[in-house]
Every structure is written in C-alpha cells, then in structure tokens.
Amino acid sequence: MSRAASPPQNRSVLAGFLSLLGEFLITVGLVLGLFVAYSLWWTNVLADRQAQARGNEVRQQWQTAPGANGSAAPGALDTMDGIGFLHVPAMKNGEVLVKKGTAPDVLDDGVAGYYTDPVKAALPWEASGNFSLAAHRDGHGAKFHNIDKVKNGDAVVFETRDTWYVYKVFAELRQTSKYNVDVISAVPKESGRTAPGRFITLTTCTPVYTSKFRYVVWGELVRTEKVDAQRTLPAELR
Amino acid sequence: MYGWIWRHLPGNAWVRAVISLVLVLGVVFVLFQYVFPWAEPLLPFNDVTVDEGSGATP
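These protein sequence lines are chains R and V, in that order.
The first sequence begins at 1 in the working numbering and counts up one residue at a time.
The second sequence begins at 1001 in the working numbering and counts up one residue at a time.
Just so you know, these hints were derived from the structure itself, not from any lab.
Note that the structure is predicted; figures quoted are calculated from it, not measured.
From the three backbone atoms N, C-alpha and C, an ideal C-beta is built for every residue, glycine too.
A couple of the hints might just be wrong.
[As the list claims (entries may be wrong)] Derived list of chain R stretches under chain V, where covered just means 3 residues or more per stretch with a C-beta under 8 Å from a C-beta of chain V: (1) 14-26; (2) 155-164; (3) 207-215.
[Stated by the list, open to error] Cβ pair distances, simulated, as ranges: (4) N152(R) with F1029(V): 42 to 48 Å; (5) V227(R) with V1024(V): 49 to 55 Å; (6) G192(R) with P1044(V): 30 to 36 Å; (7) V1015(V) with R174(R): 54 to 60 Å; (8) I1005(V) with R11(R): 21 to 27 Å; (9) N56(R) with V1022(V): 47 to 53 Å; (10) G1011(V) with D48(R): 39 to 45 Å.
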C-alpha cells in the first residue's frame, strides 16, 4: 500500500525487528531440541554412570561384610545405599539397583525406588505385603522403559545379599490414573487378588515420553532361593 | 543478534569462527549443567509414581 512511500529508516527498523524475531525463534527451537537430547540421552548417561558406581559399592559391601550372616542379614543392610537388585529378564535391561524412596533425587540416579509414601512398601523378606517399586520410563536411566514387554507368567527376581526372591507376574494395568494409589496397597484389589500375600508391584509412567498415566505390573512370590558362594543365578535368569 | 555478535568479534573470519564455536559450546554446557536440570522437575514429563495428587512429590 503506502509501504513504497515510507522512509527507508522505517523499513530497516521493521526489517531489523523481524530478523531479530526470526533469530529468537530459531534460538528457541535449538534450545528445545537440546532439551530433548538432554532428557532422553544425557540424563541416561549420567544416571547409568551413577547406578553403576552405586551398584558396585553395594556388591563390594556384600562381599566385605560377611560377618552379619544368619537370618537377620537382609535387615542389617544400609537401606540408603540400596537394598538389592531387581532382575526382569523380559525388560532386557540387566540389573536395577533398588533404593529406598521414590523422590526424584533417588530415582534420577538410574535406580528403582521402593515406596515409602503414600503407601509404605513391604520389603521382600516380610511375611506378607506389597513390595512396590517405581522407576523412570524415559531419561535418568529409563530402567522401566520396556515395562510393556513384561507379560503374565514372566519372572521378576529380586536379589539381596543372601536370598533370591523369585516372583511371577500375574496381572498388569496398562493405564491408570496417577492418583490411583490403590495399586500399591498391601492387597492390590485391581490385580484380582483379595487375600494377603507377598506381592511385587512395578510402577512407571505411560505412554512413553509422557507422564499422563501410570503403568502397573503385579507379581507374586513363588519361591526364594539361598544365594550360594558363587552367586549362582536362579533358573529364571539363566 | 547473531550478526551483531559476529561483527563485534575480533580477528579475521577464522578466528571469529573459532570464538563462535567456543561460545556455542559454552552455552550448551551452561544449558546442560545448570538450566536443564533446573527446568526439568518443573515440567510434567517425568513423574513416574502414583501419589495422592496436588503438590505431593512425584
């Protein structure tokens, strides 16, 4: 319209503003791209490094402190360093260190945490209850990334210093509200069980790359096995 | 903005390119080391636990 008639300075001011805006938008795009790389790659690098170091420490401690043998040994473990390792062959992710608590600063180190809140988890050596765990689906080690590969009948093995706890998966809830705290109660009704037992519950977020819902897998203890001197793996892990 | 930075860097084109690279790496470092770790818990992408909602730690 009258643009051709406007003085050159006005045009260069407008052009300058537009190029500044363009550069700003490009910058925002790059920063968001970097954030994706950070979330899905770099946090895994950091967390796996942490988990490896902490896991080695726990194994070291198990080896160097054989004095506390006997039935009370698991309870004697320092729960802040980690109480043992979770093996889920169906998830194909090796061993996952299990620590106390599900706060971000615990889970961000590439471990699984057992719930202390809102429902306190029962530890595997307790006579009955629900050993409820949470871990990241993506980033920070992504230890439960393949939770959707776990099917009924799959083995979930928890390893402590002197015992293998072998669980068998019997139910899953592929999507539930993040406020559904009943899934980690001592007798999780939605799994179909009504009587007390020795359960394990794995929780993480779903769908992948979001935190909209929660994914839950339940297992039940089928047997325990004493750890021998060579730490021979139970049949399910061989 | 980038043009302005480029014009104000010293040296010839090669020196400027090297300085630019160092600046970019510095910005990436600051983002990964300080900004993203701060921002991540504020964003709703990585809560994995069930809880009783409002304000509780994920």
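Results of checking the hints against the structure:
no.	hint	result
1	14-26	holds (count 4)
2	155-164	violated (count 0)
3	207-215	holds (count 4)
4	N152(R) with F1029(V): 42 to 48 Å	holds, 47 Å
5	V227(R) with V1024(V): 49 to 55 Å	holds, 51 Å
6	G192(R) with P1044(V): 30 to 36 Å	holds, 31 Å
7	V1015(V) with R174(R): 54 to 60 Å	holds, 58 Å
8	I1005(V) with R11(R): 21 to 27 Å	holds, 24 Å
9	N56(R) with V1022(V): 47 to 53 Å	violated, 36 Å
10	G1011(V) with D48(R): 39 to 45 Å	holds, 41 Å
Figure legend: structure checked against the earlier numbered hints; hints not met, in rising order: 2, 9.
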